[in-house]
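Participant: The sequence shown begins at 3 in my numbering and counts up by one.
The hints are simulated quantities; they were obtained by calculation from the structure and are not laboratory data.
From the three backbone atoms N, C-alpha and C, an ideal C-beta is built for every residue, glycine too.
Heads up, some of the hints might be wrong.
Computed beta-carbon distance windows for the label pairs [stated by the list, open to error]:
hint, residue 1, residue 2, range
1, 116, 185, 28 to 34 Å
2, 16, 183, 36 to 42 Å
3, 115, 235, 25 to 31 Å
Calculated lysine-lysine pairs in the PhoX-like style (CA-CA distance at most 25 Å, straight line) [claimed, not checked]:
hint, residue 1, residue 2
4, 73, 83
5, 188, 235
6, 142, 235
7, 83, 211
8, 188, 83
9, 73, 235
10, 73, 162
11, 188, 73
12, 142, 83
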Amino acid sequence: MNFDGAKNVDHSDPLVDVLNSGGQGRVVLLCEHASRWIPDEHDGLGLDAEGLTSHAAWDLGALELSIALAKALDGVLVTSKASRLVYDCNRPPEDPGAMRDQSELISVPGNIDLSQEDRDARIRSVYEPFCSAVDGVLDKRSSDTVVVTVHTFTPVYFGKYRSVEIGLLHDDDSRLVDAMLTHTDKLPGVIVARNEPYGPQDGVTHSLKIHAGRRGLPNVMIEIRNDLVRSAKQVEQVAQQILALLLPALEQIESKDTFNE
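Using the sequences and the hints, build the whole thing.
Facilitator: Structure below.
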């Protein structure tokens, strides 16, 4: 499997990677917040060192967890290589959160009063290539494909501690999450919750809707509390926990054709 020096699928773009493009597994993984890299032309968005490395800039541990899952599942993995503060690929262009000027307590000076021209440039350079790469993968797949997006979240948000450890998020199609939740007894002591710490009402299911929903593909957005994926050992442990829920669920869910009948 090609997880080093990965190449894009059907096009070349500096802000998207498609890893293990020849993967034969049923699952296609997406990691929209894989990187905190800000291209030079954005001058660090005016952020200080703390902001540049904070959870506002990326999902800490999400890429490593995505790679671990892709290896275990022989799945294709599509990642955005730009910080979500440049453009959040899990938000549509019309959403103010796609290029937010404030993330929790962190101000993003480089996103304040963006012109429409600047916004359009980021849409073209970050969002559209990511969507094109995902489409390029999914358009070649069979109808039993499953889409899994991987995210992490900060343990403390606006001063409030979050006890949830694994969040399983869905929009209208809850098939995969319903099935995964029937296996939580395999994870004694682990706090697993539906649509926590975010849900559709927070606008976080955009990728699920446009990439999986319109194709009728089962899907889940997985959110992991980021203090649980700070080391390689933790990442492997969490990957095994997710697989304990996901693998049996894949055997349960209906096919696309059945869902559309």
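Participant: Look at each hint and say if it fits the structure.
Facilitator: The hints, checked one at a time:
1. 116 x 185: 28 to 34 Å: Given about 44 Å between the Cβ atoms, the range is violated.
2. 16 x 183: 36 to 42 Å: 39 Å, holds
3. 115 x 235: 25 to 31 Å: 44 Å, violated
4. 73 x 83: 19 Å, holds
5. 188 x 235: This hinted pair holds, its Cα atoms lying about 19 Å apart.
6. 142 x 235: At roughly 34 Å apart (the allowed maximum being 25 Å), residue 235 and residue 142 break the hint.
7. 83 x 211: Answer holds: residue 83 to residue 211 is near 21 Å, not above 25 Å.
8. 188 x 83: 34 Å, violated
9. 73 x 235: 15 Å, holds
10. 73 x 162: 35 Å, violated
11. 188 x 73: Status holds; Cα separation ~22 Å.
12. 142 x 83: 23 Å, holds
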